[in-house]
Structures are given as structure tokens and as C-alpha cells.
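Trainee: This is what each chain is made of:
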Amino acid sequence: MALSDIFLLEFAQRALYVGLLVSFVAGILGGYVVAGRHSVFSDMLAHTSLAGVGMGIFFGFSPTNGALAVSFLSAFFLWLFLRKEKFAPESITMVLLSGGLAIALVFAHLAKDNPLSLETFLFGSILAVRPEEVWQFLFVSLGILIFILFFGRRLETIVLDPEYADIRFPFSKWVNLAFLLSIGMFVGFSLKIIGGLLIGALLVIPIVTAQIFSRSFQQTLFFGIFFNMVATFFGIIFSFYVDVPTGASIVLVLILQLLIVFLGKNIFSLLR
Amino acid sequence: MHESSLPILEIKNLTVKRDGVLVLDSITFRVDRGEYIGLLGPNGAGKTTLLLAILGKIQPTEGRVKIAPDIRMGYVPQKYLPNSSFAVSVGEIISMGFQRSSLWKDQGEKEKILQVLDAVGLEKNFYSKNFMKLSGGQKQRVIIARALVHKPNFLLFDEPTSGVDYKTKIKIYDLLAELNEKKGITILFVSHEIEKVVSVCKRVLCLDKHLHEGCHPQYLAQGEKEGIQNKEKVVPVYHKKQEKAIHEKHF
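So the sequence lines, in the order shown, correspond to chains A and B.
Start counting the first sequence at 1; every next residue gets the next number (the numbering used here).
Start counting the second sequence at 1; every next residue gets the next number (the numbering used here).
Derived from the structure by calculation, the hints contain no laboratory data.
Note that this is a predicted model, so its numbers are computed, not measured.
No residue lacks a Cβ here, since even glycine has one placed at the ideal position from N, Cα and C.
Hints are not guaranteed to be accurate.
Below, in silico cross-link-like pairs of lysine to aspartate or glutamate (EDC-like), each with a Cα-Cα straight-line distance of 16 Å or less [to be verified]:
1) B/K57 / A/D5
2) B/K57 / A/E119
3) A/K84 / A/D166
4) A/K84 / B/D19
Stretches of chain B that chain A covers, calculated by requiring three or more beta carbons in the stretch to come under 8 Å of a beta carbon on chain A [stated by the list, open to error]:
5) 9 to 15
6) 107 to 118
7) 124 to 131
8) 201 to 209
Taking beta-carbon pairs under 10 Å as the criterion, some of the chain A residues facing chain B (in silico) [what the hints assert, rightly or not]:
9) F59
10) G60
11) F61
12) S62
13) S98
14) G99
15) I103
16) L256
17) Q257
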């Protein structure tokens, strides 16, 4: 197959469009996620939302809607427990993660004869994305981008210096809730596209790569988005021609970028 | 009465209980314009609780906190950007002090940031430096600049307990004194550094659930309820204590 074939096939084009969109949004959200030390939370949301998928498969409603509902609820409970300050954040995360996975496994087992499998949502299937799912995701992305545009600076204060934000700005807690719900929405919608196991990678790895050399929050966001989109583009092309799972292929490119930037920075520092 | 002759802050019989425990007991004091007040107290004396009550983040169990309507409060917290190693530029940190929450920038925002950088004694080129790579003293100056950027006339300064050496602390005290004298900013300075507070601040308050004017908690702890009534007396006594401690340690 020639390299240009991917640009002619409709499903492959769709995979590229939606992949680049997901990676763009993940790059922006990821900056705030990593700065606020919410990396584990985002992974938790990706896993607990599988409970919604399991229930959807068993009861016969849309697994994506189920994932969205559970992801939203988990984000809300997380916000609520964090405000109480009685429990350590990682403990709450573990409780929600284990509970969500347990529910997902129970329902997946009960619905094992159903052709829809939990595996699709664990690993994603970007090449099987339907046109209406692209539109849905576009709509969600717009919502998240508008939120960041209007509250980005406040959110930056909240994730970097929560105590100051809480004292200085009266509506900080609501902006924080909207942020956690945005992550929930992103996770719920992108579950089928990139898979629960890989969502965390798109949110975290490019930002960590950008952090190696960035000197500001803005720079980190910019390069985070750039690394994410480049990795997604080449990851999809690689998986298309070599026939390996797309999600895994994207994550491998992300890791490769991280290694190159890390080594490049260290060699540059030695030579200087 | 003209607004400028009203006190900036008036606290009457302020009592705060947290989880049933009495933290502040019947605190009454007022702060006038242009004052530089040091608030001393041992750990757990309720200093931060008092600041939070002034900032309106804690509801009093009893009593009231009255703030003049024209007051813009600036706040320098004890802990800032806790445990973070995320790259963030000095300009971005200071712009957190602006009211605007969207990503759009106001006209002249950068100019305002450069002005406050100058006011806290940092060069213009600090604007694009990574905050996380700065020294403890430089970080503290940036945090003070963040509090100054929206032009406050009342600055609440909760001194950090770690990360800054003695020499840097002196420079920060001098900077605050300059802001008070040249810019006329009223300052409420919370600390447990008895010696410096007593020698720098124009008025000293001590807190250990109750408020005591002009005395300090070391004496309260020893049961000398009368305390020391003015700072001229506190300094020599404190020095003697230090000398004794050094003597016992080395000889």
C-alpha cells in the first residue's frame, strides 16, 4: 500500500481528523492536569468510566453515554471529597478507581455474550470511528476550548496555587469543578476513540516532554499540543501500515519523543 | 467623617471556633491608614486564622470584622505554589494577581508587571524567567509583586516559615518598610521572628487566642501576663535570652 492511500480512504481520513482533534484538546487539558498534579485523577476517570460502559453493554443503552455519566459523577465526587480535605487525594482516587473497575468487570462478565466488548473501550478503536462520533467530539471540544478561553488564567492559578486562588477569587471552587467535569467529559467521549488505558498517556506524556525545556506555562501548553499532534499523526500512520493497535502506536511515538527531547536536552547542556 | 480618617480595619470581639476548638477569643483591635503592624504569636496561636477572618474566608463564631469600603487587600500567603516543579514564568505568576480570569490580556498588562518587578527590586529580565529556578528570596519578591499588581492599599503578609535565609529575610523586611513609607501601603505583618518584628514594625500585637498589644508570647508562655509594654524593652530582653542560649550551646 502506498503512503498516500491513507489520505484517500474515508475511514482513515476520519481517524486522522478525530485523532488530531483529540490530541489538540488533550494537550490543552493536559497542561492544567499535570500542573495541578491531577495526572492520576485523569487516569482514574478513564478507568471508572468503564463501569458505565459495562452497564451500557449489559442494559442495552449506549456505552459512550454510560461512560460519560459515570465519568461526570466520579469527577463530581472527586471534587466534593477533595473539598472536605479529610482524605488524602490518592486514597480517594484509589477507592473510585477500584470501585469503577469492579463494577465494569461484573457487568462485562454478565454481558459476555454481547458482541460489544469492554476491550474496545479499554484500548480504543480510532480507525472504526463513525461520522456522528466525530461531530459529537467536535462539539465537546468546542465546549472545553470555550471554557479554557474564558477561565484559563483563573484555572492556571487554581492548579498552581490553590490556596491563593481560594482566598483571592470567590468563584475558584466552581471553576475547579467545571475543570474536573471537563476532564470527565473529555474522558467519556474519547474512551471509544483512544481507549481507557491510553487517555492518561495523551494528557500527561507530551506535557512531561515539554516540561523538560519549557520556561513558562504557555510554552509548555504550546509544545505539549505540538508533541501530542505529531505523535498522533505518525502513530495513526504507523498503525495503518504496520497493523498494530493505534493507541499503542501513538503512545510509543509519545515515549520516543520524550526520550529524544530528554537526551537532546542533556547533550545540549553538556556541550554548552 | 471623611473616608481617609476611618480605620482600614476594625475588629470587635472576634471569636472563632474551628471543629469546636476555640482558636480566637474575643479579639478587638483596629488598624489605621499607613500603619505597619507586626502580629506575633507561637505556632497554633491563631495568626493565620485571624488573617483568613480578615480576608473573609472564615466566618466568625462571634463578633465582627469591618473593613473600610475603599480598601483593596493584597495577600502574601505563607505557602505558595506548594511542591510544584511545573515551569511557570515570573510574568505568569504576577499576572495571577489580576482580576481577569480569561486568557485575553488587558492593555498595558506587561507594563504593570514590569512596574511591580521594579518596586520589589527585581530586574526587567526576570519577567520571562522560570519562577521555579529562582532563589528563595527572589521567589518571595515575586510573590510580593503578585500581591502588589492590583495596587492594594492594605497588604497582609503571612511570613513563610522556611526556605529563606536570614540575610534575605532582612531584605524583605526592608522592602516592606519601603512600601509602607514611600507608597503609603498599610501592612499587617504576621511572623514569629520576635526580634525583627519588634525592631521594624511601628506597632506590635501578640496573639495566643487572645490579643495583647505591645507584649510577646515568650513572656505569656512564662506566665508573665503583664508582658512587656513597649518594644524598647522587648529588644534588650530578647537579646539577653539569645546570648544566654548561645553561651549554653557553646561553652
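Trainee: For each hint, tell me whether it holds in the structure or not.
Mentor: Comparing the hints with the structure gives:
Between B/K57 and A/D5 the CA atoms are separated by roughly 61 Å; this puts the pair beyond 16 Å, and the hint is violated. Between B/K57 and A/E119 the alpha-carbon distance is near 48 Å, which puts this suggested pair outside the 16 Å criterion. Of the pairs offered as hints, the one joining A/K84 and A/D166 holds, with about 14 Å between alpha carbons and a cut-off of 16 Å not exceeded. Our distance criterion of 16 Å between C-alpha atoms is met by A/K84 and B/D19, whose separation comes to about 13 Å.
Here the stretch 9 to 15 of chain B counts 0 residues with a CB under 8 Å from a CB of chain A, which misses the bar of 3, and the coverage is violated. Look at the stretch 107 to 118 of chain B against chain A: 0 of its residues bring a Cβ nearer than 8 Å to a Cβ of that chain, fewer than three, so the hint is violated. Interface restraint, the stretch 124 to 131 of chain B with chain A: holds (3 residues with C-beta to C-beta distance below 8 Å; minimum three). Counting residues of the stretch 201 to 209 of chain B whose CB lies closer than 8 Å to any CB of chain A gives 0, which falls below the minimum of 3, so the coverage claim is violated.
Restraint check, A/F59 versus chain B: the minimum CB separation of about 41 Å is more than 10 Å; hint violated. Interface hint at A/G60: violated, since its Cβ lies 43 Å from the closest Cβ of chain B, which is beyond the 10 Å cut-off. Taking 10 Å as the C-beta cut-off, the interface hint given for A/F61 is violated, the closest approach to chain B being about 37 Å. For A/S62, the interface hint is violated, the least distance from its beta-carbon to any beta-carbon of chain B being 34 Å, above 10 Å.
Proximity of A/S98 to chain B is violated relative to the hint, the smallest CB-CB distance being about 26 Å (cut-off 10 Å). With its C-beta approaching chain B no nearer than about 28 Å, A/G99 sits outside the 10 Å limit, and its interface hint is violated. About 33 Å separates the beta-carbon of A/I103 from the nearest beta-carbon of chain B, more than 10 Å, and the hint is not met. Here the hint on A/L256 is broken, as its CB sits about 22 Å from the closest CB of chain B, past 10 Å.
Of the supplied interface hints, the one on A/Q257 is violated, with its beta-carbon coming no nearer than about 17 Å to a beta-carbon of chain B, more than 10 Å.
In summary, the structure is inconsistent with hints 1, 2, 5, 6, 8, 9, 10, 11, 12, 13, 14, 15, 16 and 17 from the numbered list given earlier, while agreeing with the others.
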